[in-house]
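S.K.: Go ahead and model the full structure; you've got the sequences and the hints to work with.
Chains as they are written, first to last, in our numbering: chain A, 215 to 607; chain B, 215 to 607.
There could be a bad hint or two in this list.
No distinction is drawn between identical chains; accordingly, a pair holds when it is met within one copy or between any pair of copies.
[As the list claims (entries may be wrong)] Pairs of lysine to aspartate or glutamate, EDC-like flavour, derived with a Cα cap of 20 Å:
hint : residue 1 : residue 2
1    : Lys502    : Glu288
2    : Lys221    : Asp390
3    : Lys561    : Glu478
4    : Lys296    : Glu353
5    : Lys296    : Asp543
6    : Lys502    : Glu478
7    : Lys296    : Asp542
8    : Lys571    : Glu242
9    : Lys221    : Asp403
10   : Lys502    : Asp542
11   : Lys571    : Asp241
12   : Lys561    : Asp605
13   : Lys221    : Asp339
14   : Lys216    : Asp605
15   : Lys221    : Glu546
16   : Lys417    : Glu379
17   : Lys350    : Glu320
No lab work stands behind these hints: they were computed from the structure.
2 protein chains.
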Amino acid sequence: MKDMTIKNVNALYHGFVDIRIRDGLIDEIGQSLSDVTGDTEVIDGSGRLLFPGFVDAHAHMDKSLLGLGWNRNEVGPSLQEKIDNERRMRVERNIDFHQQTTRVAERYINYGTTHIRSFVDIDTDIGLSAFEGLAKTREDLRDDVMIQIVAFPQSGMLARPGTVELMESALQNGADLVGGLDPSTIDRDPAAHLNEIFRMAEKYDVDVDIHLHEPGELGAFSVELIAERTRALGWQGRVTISHAFCLGGIDEAHLQRLIDLLLENDIAIMSHGPSGTGTIPPVERLYKAGVRMCTGNDGIRDAWGPLNMPDMLLRAFILAYRNNFRRDDQIEMVLDIVTNASARMMKVDAYGLEVGKSADLVLIDGETHVEAVIERPPRWMVIKGGKIVVDNR
Amino acid sequence: MKDMTIKNVNALYHGFVDIRIRDGLIDEIGQSLSDVTGDTEVIDGSGRLLFPGFVDAHAHMDKSLLGLGWNRNEVGPSLQEKIDNERRMRVERNIDFHQQTTRVAERYINYGTTHIRSFVDIDTDIGLSAFEGLAKTREDLRDDVMIQIVAFPQSGMLARPGTVELMESALQNGADLVGGLDPSTIDRDPAAHLNEIFRMAEKYDVDVDIHLHEPGELGAFSVELIAERTRALGWQGRVTISHAFCLGGIDEAHLQRLIDLLLENDIAIMSHGPSGTGTIPPVERLYKAGVRMCTGNDGIRDAWGPLNMPDMLLRAFILAYRNNFRRDDQIEMVLDIVTNASARMMKVDAYGLEVGKSADLVLIDGETHVEAVIERPPRWMVIKGGKIVVDNR
Numbered sequence: 215m216k217d218m219t220i221k222n223v224n225a226l227y228h229g230f231v232d233i234r235i236r237d238g239l240i241d242e243i244g245q246s247l248s249d250v251t252g253d254t255e256v257i258d259g260s261g262r263l264l265f266p267g268f269v270d271a272h273a274h275m276d277k278s279l280l281g282l283g284w285n286r287n288e289v290g291p292s293l294q295e296k297i298d299n300e301r302r303m304r305v306e307r308n309i310d311f312h313q314q315t316t317r318v319a320e321r322y323i324n325y326g327t328t329h330i331r332s333f334v335d336i337d338t339d340i341g342l343s344a345f346e347g348l349a350k351t352r353e354d355l356r357d358d359v360m361i362q363i364v365a366f367p368q369s370g371m372l373a374r375p376g377t378v379e380l381m382e383s384a385l386q387n388g389a390d391l392v393g394g395l396d397p398s399t400i401d402r403d404p405a406a407h408l409n410e411i412f413r414m415a416e417k418y419d420v421d422v423d424i425h426l427h428e429p430g431e432l433g434a435f436s437v438e439l440i441a442e443r444t445r446a447l448g449w450q451g452r453v454t455i456s457h458a459f460c461l462g463g464i465d466e467a468h469l470q471r472l473i474d475l476l477l478e479n480d481i482a483i484m485s486h487g488p489s490g491t492g493t494i495p496p497v498e499r500l501y502k503a504g505v506r507m508c509t510g511n512d513g514i515r516d517a518w519g520p521l522n523m524p525d526m527l528l529r530a531f532i533l534a535y536r537n538n539f540r541r542d543d544q545i546e547m548v549l550d551i552v553t554n555a556s557a558r559m560m561k562v563d564a565y566g567l568e569v570g571k572s573a574d575l576v577l578i579d580g581e582t583h584v585e586a587v588i589e590r591p592p593r594w595m596v597i598k599g600g601k602i603v604v605d606n607r
Numbered sequence: 215m216k217d218m219t220i221k222n223v224n225a226l227y228h229g230f231v232d233i234r235i236r237d238g239l240i241d242e243i244g245q246s247l248s249d250v251t252g253d254t255e256v257i258d259g260s261g262r263l264l265f266p267g268f269v270d271a272h273a274h275m276d277k278s279l280l281g282l283g284w285n286r287n288e289v290g291p292s293l294q295e296k297i298d299n300e301r302r303m304r305v306e307r308n309i310d311f312h313q314q315t316t317r318v319a320e321r322y323i324n325y326g327t328t329h330i331r332s333f334v335d336i337d338t339d340i341g342l343s344a345f346e347g348l349a350k351t352r353e354d355l356r357d358d359v360m361i362q363i364v365a366f367p368q369s370g371m372l373a374r375p376g377t378v379e380l381m382e383s384a385l386q387n388g389a390d391l392v393g394g395l396d397p398s399t400i401d402r403d404p405a406a407h408l409n410e411i412f413r414m415a416e417k418y419d420v421d422v423d424i425h426l427h428e429p430g431e432l433g434a435f436s437v438e439l440i441a442e443r444t445r446a447l448g449w450q451g452r453v454t455i456s457h458a459f460c461l462g463g464i465d466e467a468h469l470q471r472l473i474d475l476l477l478e479n480d481i482a483i484m485s486h487g488p489s490g491t492g493t494i495p496p497v498e499r500l501y502k503a504g505v506r507m508c509t510g511n512d513g514i515r516d517a518w519g520p521l522n523m524p525d526m527l528l529r530a531f532i533l534a535y536r537n538n539f540r541r542d543d544q545i546e547m548v549l550d551i552v553t554n555a556s557a558r559m560m561k562v563d564a565y566g567l568e569v570g571k572s573a574d575l576v577l578i579d580g581e582t583h584v585e586a587v588i589e590r591p592p593r594w595m596v597i598k599g600g601k602i603v604v605d606n607r
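M.R.: Following this line, the structure appears as structure tokens:
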């Protein structure tokens, strides 16, 4: 891997600069950097936009049906129908999770994604096969994209005996986090579900990421239960609540109490700007209150539906659209969420457009960084750890 | 203009066929059409997707700031702030409406749009200049895209004396429709506003298209007033209500009464799947009840915000996303709305993938028509009236 100097780029938060990369790290950021001699590649950015690598903080790479021919989706509307339909389809179609997660990862990389937190389904039908497939992909592609894996009981945990043992096995074999799911509406026993999740978090010293689709006051109750356990275990800064639709469906006073709880326990919120007309978390309010926000693409072309794509600029657009962010400062907030904020949530210390950080960079044609969210041009170049992984020169 | 035969395309509602075009019209659709001699161009579709031309039934081409450098948007949240901000900016920036509408039209054409209904703002500051600019663009590009023009009192009508006279002048000089706007919340006199709109409709024998952002019961009252005037004037089939957010914000019994009113008076509803978390019309329910539905991109990169693009496949995606349409049959409904349904609403008799209709066609790479809504590839070829207007062979 050669060192390189990228000349004349419009870098997020820096303006027009040159960037020097040495040993895979950002070595210098400045205007009109002098040429260095030796084995250094010089890239003329021609004033293109430069972003830090895009971060997907909530993916389901194992679910994707990409590359298997168009899946005609006829699934019913309820969450349980979608879960059952997917479990059935996986058996019928004999899904190869290593192949599928590789396909998804390659498209993610082409869109400039350098870091992904992906859930993997663990249940008593497929066992650990989704985890093992994604773990192999994570290893194969470790120089091209960083993947965090969450052991996730999509089909229920307490309600499906044997699942906890499988999750523990995943955590013993390289899963990075433990994931929970709708403690009331799926497992029907919120306290017991969360006790089990936090028991595993402590035992394996891992962070927690909980899917919470539960609406209104029921979901708000789950947020409180999660916050109580976060405090009890001293797990502040180590818990994310994903979706959290309930934060858009409760009254003002209750919302403020929950925001205080989230802040006290440094719990992050993931919102992907969901489809439909249900309630959604008030992203700008949470962000401005100091709640750590992150986002992701959720499932890509899977049994749940075809709507999502592995492009974090499209996700930024969707998050802006769903929240009616029309001002540039609001869309810049979304750009922070698809880059730095999501990376901080994932605790990627080496991340960022700063000297000493990993050279994870995306170059794109365009006039302003906000315009890139609207126009979403093909990525001109993607660099991961100083290595060019996408090159459309 | 040569006649042509397009071989081997996957045509919407037809499957894999050949299409023969003669004198700008679709002359034959069938499998393995025999070759004809003479001056005929043969195009190998290679199994690509073929759609009828995309239809934008609700645009604001005169508002766009495309090509003028990125506009940093700092506008406040209220409708009145957006209206005032735009009127001020137009004077400050000395907008050339012919140039701007041409820029927007060219991008529309590149995305395969063959028919557009565009509003033009008419007010006592800019007078008829937006109308005149778009009318010239309509004439310049008449072989490439069909444009309908709605005379639209964006800044208020009764509340801004002199506006009605300007609107009548536009209608005398080639505006195709008369447009209204929030009869209660802008003009503060719903009966008088609508009486004036329908008076002009009758006087100039034109159809009506009314922006209705008014929420809940207030908007529902406006729907009733519009339906009463539609019936009184015998204007059934000639009235569209655009946005109609209120249809998502009233109780079930009232919604059913309004649906009955819409059906009795054959009033169409335009929904573009708006940004934000407000109520939206229940598109699938209205469509299945038989209400004529249409959609459009609204404003493109203008003083109201940057979020929209002139791509009806992106609009189809947004409409699907906002309505949580995940099944293929639902996304196929959206494809009907961005093509045939919107064209019927605009009364484009020559439209459609049928023998005898104008050869307005879009060819796109892809496996299924629904996939094109998700992947939105560049348009491979666009044909308008038998003329190739976009050629990416």
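S.K.: Now look at each hint and say whether the structure bears it out.
M.R.: For each hint, the structure was consulted:
no.	hint	result
1	Lys502 x Glu288	between (40 Å within a copy, 17 Å between copies)
2	Lys221 x Asp390	neither (37 Å within a copy, 53 Å between copies)
3	Lys561 x Glu478	within (19 Å within a copy, 60 Å between copies)
4	Lys296 x Glu353	neither (30 Å within a copy, 51 Å between copies)
5	Lys296 x Asp543	between (37 Å within a copy, 16 Å between copies)
6	Lys502 x Glu478	within (15 Å within a copy, 49 Å between copies)
7	Lys296 x Asp542	between (37 Å within a copy, 15 Å between copies)
8	Lys571 x Glu242	within (10 Å within a copy, 62 Å between copies)
9	Lys221 x Asp403	neither (57 Å within a copy, 60 Å between copies)
10	Lys502 x Asp542	within (15 Å within a copy, 39 Å between copies)
11	Lys571 x Asp241	within (8 Å within a copy, 63 Å between copies)
12	Lys561 x Asp605	neither (28 Å within a copy, 48 Å between copies)
13	Lys221 x Asp339	neither (53 Å within a copy, 47 Å between copies)
14	Lys216 x Asp605	within (15 Å within a copy, 40 Å between copies)
15	Lys221 x Glu546	neither (24 Å within a copy, 47 Å between copies)
16	Lys417 x Glu379	within (13 Å within a copy, 77 Å between copies)
17	Lys350 x Glu320	within (14 Å within a copy, 47 Å between copies)
Checked against the numbered hints given earlier, the structure breaks hints 2, 4, 9, 12, 13, 15 and satisfies all the rest.
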